[in-house]
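Protein chains in written order, with the working numbering: chain B, 49 to 579; chain Z, 22 to 358.
Note that these hints are calculated values from the structure, not bench results.
The structure presented is a predicted model; accordingly, all values stated were derived computationally and were not measured.
C-beta: ideal position from N, C-alpha, C; glycine also.
A hint or two may mislead.
Unchecked claim - Calculated cross-link-like contacts (lysine to aspartate or glutamate; reagent style EDC-like; alpha-carbon spacing at most 20 Å):
hint : chain 1 : residue 1 : chain 2 : residue 2
1    : B       : Lys393    : B       : Glu540
2    : B       : Lys456    : Z       : Glu71
3    : B       : Lys220    : B       : Glu198
4    : B       : Lys269    : Z       : Glu196
5    : Z       : Lys75     : B       : Glu540
6    : B       : Lys175    : B       : Glu198
7    : B       : Lys220    : B       : Asp515
8    : B       : Lys250    : B       : Asp179
9    : Z       : Lys75     : B       : Asp246
10   : B       : Lys220    : B       : Glu435
11   : B       : Lys468    : Z       : Glu196
12   : B       : Lys254    : Z       : Glu71
13   : B       : Lys269    : Z       : Glu315
14   : B       : Lys264    : B       : Glu443
15   : B       : Lys220    : B       : Asp525
16   : B       : Lys577    : B       : Asp246
17   : B       : Lys120    : B       : Glu143
18   : B       : Lys157    : B       : Glu81
19   : B       : Lys442    : B       : Asp405
20   : B       : Lys172    : B       : Glu136
21   : B       : Lys373    : B       : Glu443
22   : B       : Lys250    : Z       : Glu196
23   : B       : Lys468    : Z       : Asp79
24   : B       : Lys373    : B       : Asp358
25   : B       : Lys199    : Z       : Glu71
26   : B       : Lys322    : B       : Glu435
27   : B       : Lys264    : B       : Asp246
28   : B       : Lys172    : B       : Asp208
29   : B       : Lys456    : B       : Glu435
30   : B       : Lys220    : B       : Asp522
31   : B       : Lys469    : B       : Glu540
32   : Z       : Lys75     : Z       : Asp97
33   : Z       : Lys110    : B       : Glu201
Claimed, not checked - Here are the simulated distance ranges between beta carbons:
hint : chain 1 : residue 1 : chain 2 : residue 2 : range
34   : Z       : Lys75     : B       : Lys157    : 32 to 42 Å
35   : Z       : Leu23     : B       : Ala80     : 56 to 66 Å
36   : Z       : Val43     : B       : Ile454    : 54 to 64 Å
37   : Z       : Pro164    : B       : Ala428    : 12 to 22 Å
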Amino acid sequence: MTITRRTAIAAGLAMPFVARSGGAQAQAPSRAETLLLVQEYGPNSLDMQGIGSSQPVNGVALNCYDRLLRFKPVPIPTGGGNQVSMGELEGELAESWQVASDGMSCTFKLRDTTFHSGRKVTAKDVKWSLDRACTIGGFATTQMNAGSLEKPEQFVVVDDNTFRVDFVRKDKMTLPNLAVTIPFVFDSELAIANSGGDPHAKEYLKNNIAGGGAFKVESWKPGVETIYIRNDAWKSGKLPQLRRIIARDIASPSTRRALMERGDADVSYGLPPKDFKDLLDAGKVNVVGVPIPNGVWGCYLNTQVGPFKDVRLRQAVAWVMPYEKILQASLFGRGVSMAGGTAPKVAWPQPFPYTSDTAKAKALVDAAGGPFSTTLYFDAGNATVAEPMAVLIKEALSTIGITVEINKVPGANFRTEIAKKTNPMVLNRFAGWLDYPEYYLFWTMHGNNSIFNIAAYQNPALDKLVDAARFASDKADYEGNVIDFIKLVNAEVPMVPINQPTHDVALQKSIGGYQFQPCREPDFRYLTKGV
Amino acid sequence: MLRLIGQRLLTTIPSIIGVIIVTFLLTRVLPGDTAAYFAGPAASPQAIIEIRSKLGLDQPLPVQFVSYVTALVKGDLGQSLTTGQPVTKDLAARLPASAELTLAGLLLAMAVALPLGVLAAVKQGSWIDHLCRVVATAGVSLPVFFTGLLLVYVFYFILGWSPAPLGRLDVFASEPPRVTGLFLIDSLLAGEWETFRAAFSQLILPALTLGIFSLAPITRMTRASMLAVLGADFVRTARASGLSGSKVIGTYAFRNAMLPVVTTLGMVFSFLLGANVLVEKVFAWPGVGSYAVEALIASDYAPIQGFVLTMAILYVALNLMIDVLYGVIDPRVRLEG
Chain B
49 MTITRRTAIA AGLAMPFVAR SGGAQAQAPS RAETLLLVQE YGPNSLDMQG
99 IGSSQPVNGV ALNCYDRLLR FKPVPIPTGG GNQVSMGELE GELAESWQVA
149 SDGMSCTFKL RDTTFHSGRK VTAKDVKWSL DRACTIGGFA TTQMNAGSLE
199 KPEQFVVVDD NTFRVDFVRK DKMTLPNLAV TIPFVFDSEL AIANSGGDPH
249 AKEYLKNNIA GGGAFKVESW KPGVETIYIR NDAWKSGKLP QLRRIIARDI
299 ASPSTRRALM ERGDADVSYG LPPKDFKDLL DAGKVNVVGV PIPNGVWGCY
349 LNTQVGPFKD VRLRQAVAWV MPYEKILQAS LFGRGVSMAG GTAPKVAWPQ
399 PFPYTSDTAK AKALVDAAGG PFSTTLYFDA GNATVAEPMA VLIKEALSTI
449 GITVEINKVP GANFRTEIAK KTNPMVLNRF AGWLDYPEYY LFWTMHGNNS
499 IFNIAAYQNP ALDKLVDAAR FASDKADYEG NVIDFIKLVN AEVPMVPINQ
549 PTHDVALQKS IGGYQFQPCR EPDFRYLTKG V
Chain Z
22 MLRLIGQRLL TTIPSIIGVI IVTFLLTRVL PGDTAAYFAG PAASPQAIIE
72 IRSKLGLDQP LPVQFVSYVT ALVKGDLGQS LTTGQPVTKD LAARLPASAE
122 LTLAGLLLAM AVALPLGVLA AVKQGSWIDH LCRVVATAGV SLPVFFTGLL
172 LVYVFYFILG WSPAPLGRLD VFASEPPRVT GLFLIDSLLA GEWETFRAAF
222 SQLILPALTL GIFSLAPITR MTRASMLAVL GADFVRTARA SGLSGSKVIG
272 TYAFRNAMLP VVTTLGMVFS FLLGANVLVE KVFAWPGVGS YAVEALIASD
322 YAPIQGFVLT MAILYVALNL MIDVLYGVID PRVRLEG
């Protein structure tokens, strides 16, 4: 065959397709031990304690750093992998730990293990890291405080291998709070050496891993991909089977779904509920769903200004909420309805005693003075789920004489909007990391008026019950308090719980060992890949 | 010539200054609170205040502007909060990706649109003219995300011919040593055929999507300007002199019809470079368009300002290049200072 210009061009165009199979074979060995994860967006930093870290940074903290403790894996009741048990902890960097007999401190014996740099992990590193989390400000400090970890004086180096946390008060969230993705342990010498004088070494740790976790970051291109490689010297748990993880940022959910269905990607997070339902129905890939612990979609009704100051109107909204329709049309069944609860339980979220009952709702509206107009806000970033939800609520409320105007707020504005605490109705999903009812209410209904208390609910009686439950050491006292505040919010409804969404993950059939974590980021340490 | 280019550049300085001021002000009037957004979930009001002062957003506007301009003079565009990196670094990494995609798409569009437009003008009213009209209308009326998803569906999902739409390179390929930032060129320079193949096969579908979209203006402009030229006196003279059809069209008519086409090409290129966000999203292409949009959603000022400024400078450079090109295509055109 003579090579003419035409054949050369044809060959050139065909080349990408022809040479493919050969290339794939040559790379086969690495492919078996490599996991390809596709996600909407990746980390914007490598330091979860740093200010402004985005949600995926939790995954970096989880996989590249160790904490003193971790949550114990327990099977997901519906199968497909493990979730965590809040009350049961196991040692990560801690080989063992012992709470003092007076219940006011806990002593940790550290495992004999090393950082990625090869240096031994010492109590000094643990202290430096926890001090940092408590003093750096922003989310890290807030999260530490949520477990009564408030000041550096609480963290004591006993000797190189022994570390003690002194409690400021008895708080059952203190130990679980040491297992979340904030109080992880840095290689303090490495961090200080590169800090350039900053006591928190913020700039260095934002771009570098200085820890001893199960994975190291091999390459990080913000907005493009993160590549993790196994730390073969990891001793704080069973050595992960996967050697390499490639996490690519693929913004379009349709593309992520196509990648999963074609079998090119191994794991995908964050698809719209409809895609998860379709994938599940098609049966080609596994979909593992866990109802998000301590997470609920709620309609917050402003208790301080506007029409919903009147408790009857709040109850009316709870009576007219189309619970089942919303579950099907906006979550495609990937959640648990919060309608028709019977007796209050020690759990959160739990169904409130309301069902869709237009007659009761109408009567309440009439008693409160008849029809009016109001506005419903939601975050445009959640539009896939929140928009159909808002439309259904608008439709349902129109039947009882409440005219609703829907206002979709762009992401950056949403925080500003809810911080004003003047919006009459807001749809929001809040999920607490620590799965306790009082923890949820502390954020969303307590008189401390955090940004998530969107209803601006103020009730000293509730605050008293929530605080009492939080620091109760006696089980019966605790449960009594919880039942009492559940009863209170059942009647007061500052927030109408709509449903508890499912956290879904799509995995190829060859992928095993799925582990759900409260931070809702993938835990690569447990994942396995079959041939 | 050089002096003229220099003079032209001088006249652009006021517009660049204008762009700097306007983008600065526009980003500041954007609704939304950057500090509240980046304080993350569960932030206390105090944490938000801390972040605001860390970002310098608690300063009065003139103070913020002065510090922005001072940094700008040093070549510092600030830090992006969405990626956590300096904006200059982000743009340097992402601009070549957009440029490569846009250039490939434009070349593809030109390869189809120019002959099609010329033929449609020469054989006005024939089936090829109708084809040209249909192609142009279809191309411009199909939204790019639709074309993109359709192409992914057919060529990747159903047929499996195209590689997975995972961005610029397959996950197992490694980047070529960086020279220009354009993977096709860099891999050739390094002699890495495997990488070239990988980058090329990733590029085909997104480039095709962009190409289809930009077909319309180029085809229609070529056709219209060819029609005008074909009706001109000098073409009639050339025909009357007994020159062959291909000589008349190729040498006399086409070259004269090129001026408006080149202008259109310049416009389409600069438009596509920043505006192909949807293509970037569908194909996970790490370009500047999606970068700017993500920053906009987060009210992240520095990347937006950096993006607009870069685009303005590119636009100025491109227009200058087109002006110079005019002189090459048509010696009668003089570049005026």
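A quick look at each hint next to the structure:
no.: 1; hint: B:Lys393 - B:Glu540; result: holds, 17 Å
no.: 2; hint: B:Lys456 - Z:Glu71; result: violated, 28 Å
no.: 3; hint: B:Lys220 - B:Glu198; result: holds, 15 Å
no.: 4; hint: B:Lys269 - Z:Glu196; result: holds, 12 Å
no.: 5; hint: Z:Lys75 - B:Glu540; result: violated, 40 Å
no.: 6; hint: B:Lys175 - B:Glu198; result: holds, 13 Å
no.: 7; hint: B:Lys220 - B:Asp515; result: holds, 12 Å
no.: 8; hint: B:Lys250 - B:Asp179; result: holds, 14 Å
no.: 9; hint: Z:Lys75 - B:Asp246; result: holds, 14 Å
no.: 10; hint: B:Lys220 - B:Glu435; result: violated, 38 Å
no.: 11; hint: B:Lys468 - Z:Glu196; result: violated, 48 Å
no.: 12; hint: B:Lys254 - Z:Glu71; result: holds, 18 Å
no.: 13; hint: B:Lys269 - Z:Glu315; result: holds, 16 Å
no.: 14; hint: B:Lys264 - B:Glu443; result: violated, 51 Å
no.: 15; hint: B:Lys220 - B:Asp525; result: holds, 14 Å
no.: 16; hint: B:Lys577 - B:Asp246; result: violated, 42 Å
no.: 17; hint: B:Lys120 - B:Glu143; result: holds, 14 Å
no.: 18; hint: B:Lys157 - B:Glu81; result: violated, 34 Å
no.: 19; hint: B:Lys442 - B:Asp405; result: holds, 16 Å
no.: 20; hint: B:Lys172 - B:Glu136; result: violated, 26 Å
no.: 21; hint: B:Lys373 - B:Glu443; result: holds, 11 Å
no.: 22; hint: B:Lys250 - Z:Glu196; result: violated, 29 Å
no.: 23; hint: B:Lys468 - Z:Asp79; result: holds, 19 Å
no.: 24; hint: B:Lys373 - B:Asp358; result: violated, 26 Å
no.: 25; hint: B:Lys199 - Z:Glu71; result: holds, 18 Å
no.: 26; hint: B:Lys322 - B:Glu435; result: holds, 14 Å
no.: 27; hint: B:Lys264 - B:Asp246; result: violated, 24 Å
no.: 28; hint: B:Lys172 - B:Asp208; result: holds, 7 Å
no.: 29; hint: B:Lys456 - B:Glu435; result: holds, 8 Å
no.: 30; hint: B:Lys220 - B:Asp522; result: holds, 11 Å
no.: 31; hint: B:Lys469 - B:Glu540; result: holds, 18 Å
no.: 32; hint: Z:Lys75 - Z:Asp97; result: holds, 17 Å
no.: 33; hint: Z:Lys110 - B:Glu201; result: violated, 40 Å
no.: 34; hint: Z:Lys75 - B:Lys157: 32 to 42 Å; result: holds, 38 Å
no.: 35; hint: Z:Leu23 - B:Ala80: 56 to 66 Å; result: holds, 59 Å
no.: 36; hint: Z:Val43 - B:Ile454: 54 to 64 Å; result: violated, 33 Å
no.: 37; hint: Z:Pro164 - B:Ala428: 12 to 22 Å; result: holds, 20 Å
Violation of the numbered hints given earlier is confined to hints 2, 5, 10, 11, 14, 16, 18, 20, 22, 24, 27, 33, 36; the remaining hints are satisfied by the structure.
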